[in-house]
Amino acid sequence: MTTTTPAVKAAKEIAAWTNTLGTDIDKFAAQTAALWTNGPSPLKVSPRDITALESMSKEFLGEHSFAVGAGVIFSAEAIENPDGVLEWWTARTQGIEKLEFDLTPGGERFYDYQNMPFFTSASRTGERSMWGPYVDYLGLDEYILTYTAPIQVGGKFAGVAGCDIRIRKLEEIFMPALRAIPGDAALINDSRRVVVGNSGAYLVGERIRYIPKDKQLFPIEAPHLGLSLLSSR
Amino acid sequence: MESFLASTTAFQAQVYRALPETERSEAIVNRISKAIALGLLKVGERLPPETALSEMFGVAPSTLREALSDLRDQGIVATRRGRSGGTFVVKQPFTSADVIKKWFQDTSIAEIRDVGDEHAAIAAATVRLACERAEPHEINRLLELARGVVMTDKSELQARADSRFHIELAVLAQSPRLTNAEIRLQAETVQALWAPESLTRNPEQVAAEHLALARAIANDAPEDAQQLVLEHIRHDVHHLVDAKLSLGYPTDQQERP
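Going down the list, the sequences are from chains A and B. 246 is the number of the first residue of the first sequence in this note's numbering; add one for each residue after it. 67 is the number of the first residue of the second sequence in this note's numbering; add one for each residue after it.
Rather than coming from a laboratory, the hints here were simulated on the basis of the structure. Accuracy of the hints is not assured; some may be wrong.
To be verified - Simulated restraints, written as ranges between beta carbons of each label pair: (1) B:268 with A:436: 33 to 43 Å; (2) B:127 with A:343: 23 to 33 Å; (3) B:177 with A:357: 32 to 42 Å; (4) A:436 with B:150: 40 to 50 Å; (5) B:268 with A:365: 29 to 39 Å; (6) B:206 with A:471: 12 to 22 Å; (7) B:201 with A:321: 18 to 28 Å; (8) B:88 with A:261: 49 to 59 Å; (9) A:322 with B:146: 30 to 40 Å; (10) B:110 with A:357: 11 to 21 Å; (11) B:118 with A:261: 36 to 46 Å.
Only a predicted model underlies this, so the values are computations on that prediction, with no experimental measurement involved. The C-beta atom is built at its ideal place from N, Cα and C for all residues, glycine as well.
If we strip away everything but chain A, and leave its shape as in the complex, we get (with noise of 0.2 Å):
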């Protein structure tokens, strides 16, 4: 007989929310890619399709009210306008607000957005990513999660569509599955960062170098995204 410990039983259900939230994000995606089925390529973003993304963004950020930002970002080399480029909207108390990058190279708040690992890894692979805790300095300026999905048009790799999370916010998510293992334990990410952390052992943006002889890495099944959770058996 087997029996289920708290940590295996937490690694699934954080796994579950999360591949939850990884589902409605690639619909999100796809939502916005039908924007261009049969069209030209590269691709061209017209101001209608900005307000469609608008809507779509809104529409994500209602229905999870966890993101405090969703919206969309497209490779350079896949739009033919460098309008629409970037299209993130943050959730305000009333209605979203577009958030306003400087995307000169050599800018001052340069956002060099093709070179934020969830854009890279996203483009790189075909697949969800997921990048964080990070501050986000140059963007909301809150310390944040970003998950994205690719957005494929035409089998092509366009950009990326995802959400924003905060820090703050995921804890209050992952806290009670976490809570419920005896001892510390932490949820961490693909460069071994705590994201979560169940006591003051392991503290959020702390990496783990090593592995504790107590402990040991319980994969989360969340495909593509590398996350685990450390804790003892």
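Fit chain B to the known structure of chain A by using the hints.
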């Protein structure tokens, strides 16, 4: 009735002194001008609506309107009516030679040292955490920003590149609070550091110090990184003090025609 004033020290009296509305309006003008100068608010960007602004600053609507009117008079913001209206940033505030000179005159050496002390405390912790928390691929960006000050010969761009590097250290430390503290500290001194009215600063030297610090972080050497950042800040403080003395206390030679 017992007088509370009598039982408070001079320092405490400072704490409890009333905040005049004009001072608050000036503080808002300062805050917004500095944010633009540091690149936190960009030209073309729209400020939040007036009601939201007065709520965020915690001032009366009339005080806020006074501040905005002052910013408009200086040509820093413009207000447009209509559907896509609002108050927009239209110009980089021009930190005039007079403003820089006044800063040097009004700021005592003790105050300059004290800003340096706070910066040293913040930066020492920041670089140690950056060593622990930065990932290898994040280092490339830091190395790039480290050279920023030699990529231009305009002093205001050098000032921004300098502050940008220091803010990035706090970003690598994964700390929103340290990032905010660094932004505040940069806003206080970076323009004075690079202004032509201050003594000429050697950008090559500054870039070399930034690079050495970035490499220490890349090598995960917290002791070296801390020592380097403390020396770097000490150089900044010495520069500001020298600049102040050269402006405020002219040498005999300079005074003679």
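Hint check results:
| no. | hint | result |
| --- | --- | --- |
| 1 | B:268 with A:436: 33 to 43 Å | holds (37 Å) |
| 2 | B:127 with A:343: 23 to 33 Å | holds (26 Å) |
| 3 | B:177 with A:357: 32 to 42 Å | holds (37 Å) |
| 4 | A:436 with B:150: 40 to 50 Å | holds (42 Å) |
| 5 | B:268 with A:365: 29 to 39 Å | holds (36 Å) |
| 6 | B:206 with A:471: 12 to 22 Å | holds (21 Å) |
| 7 | B:201 with A:321: 18 to 28 Å | holds (25 Å) |
| 8 | B:88 with A:261: 49 to 59 Å | holds (58 Å) |
| 9 | A:322 with B:146: 30 to 40 Å | holds (36 Å) |
| 10 | B:110 with A:357: 11 to 21 Å | holds (20 Å) |
| 11 | B:118 with A:261: 36 to 46 Å | holds (39 Å) |
Every hint from the earlier list agrees with this structure, and none is contradicted.
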